[in-house]
Amino acid sequence: MGKIIGIDLGTTNSAMAVMQAGKSEIIANSEGARTTPSVVAINKNKERLVGQVARRQAVTNGENTIYEVKRLIGRRFEDKEIQKDIKLMPYSIVKAGEGVKVTMAGKDYSSEEVSAMILSKLKADAEAFLGEPVTEAVITVPAYFNDSQRQATKDAGKIAGLEVKRIINEPTAAALAYGLDKADKKDEKIAVYDLGGGTFDVSILELGDGVFEVKSTNGDTHLGGADFDRVIVNYLIAEFKSEQGIDLTGDKTAMQRLRDEAEKAKIELSTTNEVDINLPFLTADANGPKHFEHKLTRAKLEQLVGDLVEKTKEPCMKALKDAGLKASDINAVVLVGGMTRMPIVQEKVKEIFGQEPMMGVNPDEVVAVGAAIQGGVLQGDVKDVLLLDVTPLSLGIETMGGVMTKLIERNTTIPSSKSEVFSTAADNQPQVEIHVLQGEREMSEGNKSLGRFVLDGIASAPRGVPQIEVTFNIDANGILNVTAKDKGTSKEQSITISGSGNLSKDDVEKMTKEAEAHAEEDKKKKESVDARNILDNALYQANKMVSDNKDKISEEDVKTINDAVEEAKKVSEKADADKETLEKAGKTLSDVLMPIGSKLYEAASKEEKPTDQPESEESKSDEPLEGEVVDEEKPEDKK
Amino acid sequence: MSKIDPKKKVAKPIVDDTNQQLTALTEALQRERADSQNIRRRHEQEMSSLGDYVKINVIKDLLPVIDNFERSIKHIPNNLKDDEYIAGIKSILKQFEKVIKDLGVEKIETVGHPFNPAYHEAISMEEGDGDTETVVEELQPGYKINDQVIRHSIVKVKPGFLNNPEDKVNKGE
Chain W
1 MGKIIGIDLG TTNSAMAVMQ AGKSEIIANS EGARTTPSVV AINKNKERLV GQVARRQAVT
61 NGENTIYEVK RLIGRRFEDK EIQKDIKLMP YSIVKAGEGV KVTMAGKDYS SEEVSAMILS
121 KLKADAEAFL GEPVTEAVIT VPAYFNDSQR QATKDAGKIA GLEVKRIINE PTAAALAYGL
181 DKADKKDEKI AVYDLGGGTF DVSILELGDG VFEVKSTNGD THLGGADFDR VIVNYLIAEF
241 KSEQGIDLTG DKTAMQRLRD EAEKAKIELS TTNEVDINLP FLTADANGPK HFEHKLTRAK
301 LEQLVGDLVE KTKEPCMKAL KDAGLKASDI NAVVLVGGMT RMPIVQEKVK EIFGQEPMMG
361 VNPDEVVAVG AAIQGGVLQG DVKDVLLLDV TPLSLGIETM GGVMTKLIER NTTIPSSKSE
421 VFSTAADNQP QVEIHVLQGE REMSEGNKSL GRFVLDGIAS APRGVPQIEV TFNIDANGIL
481 NVTAKDKGTS KEQSITISGS GNLSKDDVEK MTKEAEAHAE EDKKKKESVD ARNILDNALY
541 QANKMVSDNK DKISEEDVKT INDAVEEAKK VSEKADADKE TLEKAGKTLS DVLMPIGSKL
601 YEAASKEEKP TDQPESEESK SDEPLEGEVV DEEKPEDKK
Chain X
1001 MSKIDPKKKV AKPIVDDTNQ QLTALTEALQ RERADSQNIR RRHEQEMSSL GDYVKINVIK
1061 DLLPVIDNFE RSIKHIPNNL KDDEYIAGIK SILKQFEKVI KDLGVEKIET VGHPFNPAYH
1121 EAISMEEGDG DTETVVEELQ PGYKINDQVI RHSIVKVKPG FLNNPEDKVN KGE
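Chains as they are written, first to last, in this note's numbering: chain W, 1 to 639; chain X, 1001 to 1173.
Don't take each hint at face value.
[As the list claims (entries may be wrong)] Across the chosen pairs, the derived CB separations fall in these ranges: (1) W:Glu81 to X:Asp1102: 52 to 60 Å; (2) W:Asn278 to X:Gly1128: 33 to 41 Å; (3) W:Lys44 to X:Asp1102: 34 to 42 Å; (4) X:Ile1086 to W:Gly245: 53 to 61 Å; (5) X:His1075 to W:Lys321: 53 to 61 Å; (6) X:Asp1052 to W:Asp322: 50 to 58 Å.
[Said to hold, decoys possible] Here are the simulated DSSO-like pairs of lysine-lysine, each with C-alpha atoms no more than 27 Å apart in a straight line: (7) X:Lys1107 to W:Lys252; (8) W:Lys574 to W:Lys524; (9) X:Lys1074 to W:Lys264; (10) X:Lys1055 to X:Lys1090; (11) X:Lys1055 to W:Lys290; (12) W:Lys510 to W:Lys189; (13) W:Lys485 to X:Lys1090; (14) X:Lys1074 to W:Lys241; (15) W:Lys252 to W:Lys290; (16) W:Lys44 to X:Lys1144.
In short, the hints are calculated from the structure, not lab data.
Every residue gets a Cβ at the ideal spot worked out from N, C-alpha and C, and that includes glycine.
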């Protein structure tokens, strides 16, 4: 089963990533680079060149080298962007049906086909990297892409032999890479500031119920890193001219060195305050060689690019306005694109949105990483599983009347262990069923059943006498072990449940909400079950009293008891009897029993013959269900 | 405190559920296995090429120094051409070149050879006729190690095949 890779099919550069063992990883191309230029060429030998190699031959083969094809994809020939590009691009753009084609080596190719050539290289490189075939991908597109542009991107994938499992928005992918889809807050508003090689995009997203909605987008299709580099190079040319009186613009070698040095200085100045530009023998005139030594400070650099950075502000303000939001409404700001590494850009973002932008994921790779995460989710690699350091929901067992008795409360830190002693509900009950439940509802039927097992071989005994110790033990991995042990016979049974933590956030939320919504209803139900249990217990005690003490109770008393029992039974048998009725019936019955019980007790103590009834030892409790209390252990938390 | 319901005495079959879980977990395990095998394989590859990788990065940083050394030799003033001091400097450059050659680094061939974007980066094109493209000038030398490019040569290209490059090509002194 192949991997679903994530592809950031960019205007100037593309990148790809994959989920490996639960972590996203950038896939380096066959040349070992983490990004691949989105450039395609066909040379004179009819060889197809893609990426860095196509870029290196571009000046020799300008009319057959296609770059920035993303500006064309899915567009109509009449679009004003296309008309503009026809003038700008060195390659020819021709009308083909509704859309456009580009010409390479005398043949027309649709923009889908050209994009497919880029995707084919990425696919092949990913296969070499992963050592297995790659047939499925998630591809990102700008948020402002229309249906036709999205469909064209999908078609490009198909031509390249990739099944495009999903097309997702670039800003959404960036937000995914930062895990913002798991944000706790509802209706989280996210701003994505993407200053790339050639384009600037800002998007305002709103996250609701795990779905990202693009509220607005804005930007500048011709503002990017290339403009920054140009400003720096122009400054250096001017400096050299003022020092040496020589114009370098016609000297290709010198210009190349200057460009490389400017790029290096720009990168270094993101982390240092000053760099020495040192270009010995940069050029020469009749007087001999000329060197260029210059100190460039961050302050100077920021002064140079200040206007360009300022140009990103207006699109941001417009995007906010279109989304109907103020900067203070934004909960998170995500940076995309290599240029956002510059401190001055980060400062501007902070100024615009009034908060520190999120950093940490490489801004050149963040979109591809997000696409890979989406791929992982589609594949099932990335399950939206809560980290189980606490139990997300309560754990317990089903007890008499269908009530869930909780042993481990929700949000208990794990590992944890807890025991409680239960007993039988009927005389001579030979077995008990342990039904393990998870959830917040009072009644077991509203909760999730995790499993059940039977402990049998319980020695014949009146109800309430056998002691069944039930132990819940949940380890650090969220694996729950439930053991039931008959203290009388030492017989035990257990079950291990590994799925107790494997709940998605949605499940937990749903179950918690349901519990809240049904809280009142469940409470009533539980109270009536409790009342019924009390009543049933009183009935049991009454019958037992009569049968155990046949010769000690007067016939009159037996009749009183039997009459009261008959009355109480009628109530108990009514399935819809409410708590009050049941309680009243229970009280009436115990009011009848108590004086008779006292009489028996007095008589017994006069005879100095202790009663062997277990109940009476505990009759100091004022509750009628005293006989059921067998034991209670304190919870022990293993941390 | 509670009693266990006697009405429910029989365990319901939970086999279906377990089988499903088993399938899911087996799949997840297979995926993890494949992932870890992949990671191990790549780790081995990376470890074996680590030596080259480190070398390449160090050499790449040193190359501008060699470039400038070479440039300085090209710019020796006429009155110093036969100076012994300059001869010494030239020897240092030779020594430098020998060191990187011993490390397995080769200079990429340029002038007179067909233009190949796998090794060459063209930054200008001269007028000319012909189907092939030939490198006519090297603006900055390129280097490779075990056929892996450390830095591409920056070159000027001209269409047409040059039989005897030495005759026709301006070597860009």
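Hint check results:
1. W:Glu81 to X:Asp1102: 52 to 60 Å: 55 Å, holds
2. W:Asn278 to X:Gly1128: 33 to 41 Å: Roughly 36 Å apart at Cβ, these two residues keep to the hinted range, so it holds.
3. W:Lys44 to X:Asp1102: 34 to 42 Å: The hinted range 34 to 42 Å holds for W:Lys44 and X:Asp1102, with Cβ atoms some 38 Å apart.
4. X:Ile1086 to W:Gly245: 53 to 61 Å: 28 Å, violated
5. X:His1075 to W:Lys321: 53 to 61 Å: The hint (53 to 61 Å, Cβ to Cβ) holds, given that X:His1075 and W:Lys321 are roughly 59 Å apart.
6. X:Asp1052 to W:Asp322: 50 to 58 Å: Since the Cβ atoms of X:Asp1052 and W:Asp322 sit about 52 Å apart, the hinted range of 50 to 58 Å holds.
7. X:Lys1107 to W:Lys252: 21 Å, holds
8. W:Lys574 to W:Lys524: 16 Å, holds
9. X:Lys1074 to W:Lys264: 26 Å, holds
10. X:Lys1055 to X:Lys1090: Distance of about 25 Å is within 27 Å: holds.
11. X:Lys1055 to W:Lys290: 32 Å, violated
12. W:Lys510 to W:Lys189: Holds - the C-alpha atoms of W:Lys189 and W:Lys510 are around 23 Å apart, at most 27 Å.
13. W:Lys485 to X:Lys1090: 91 Å, violated
14. X:Lys1074 to W:Lys241: Holds. X:Lys1074 to W:Lys241 sits at ~23 Å (cutoff 27 Å).
15. W:Lys252 to W:Lys290: 15 Å, holds
16. W:Lys44 to X:Lys1144: Holds - the C-alpha atoms of X:Lys1144 and W:Lys44 are around 25 Å apart, at most 27 Å.
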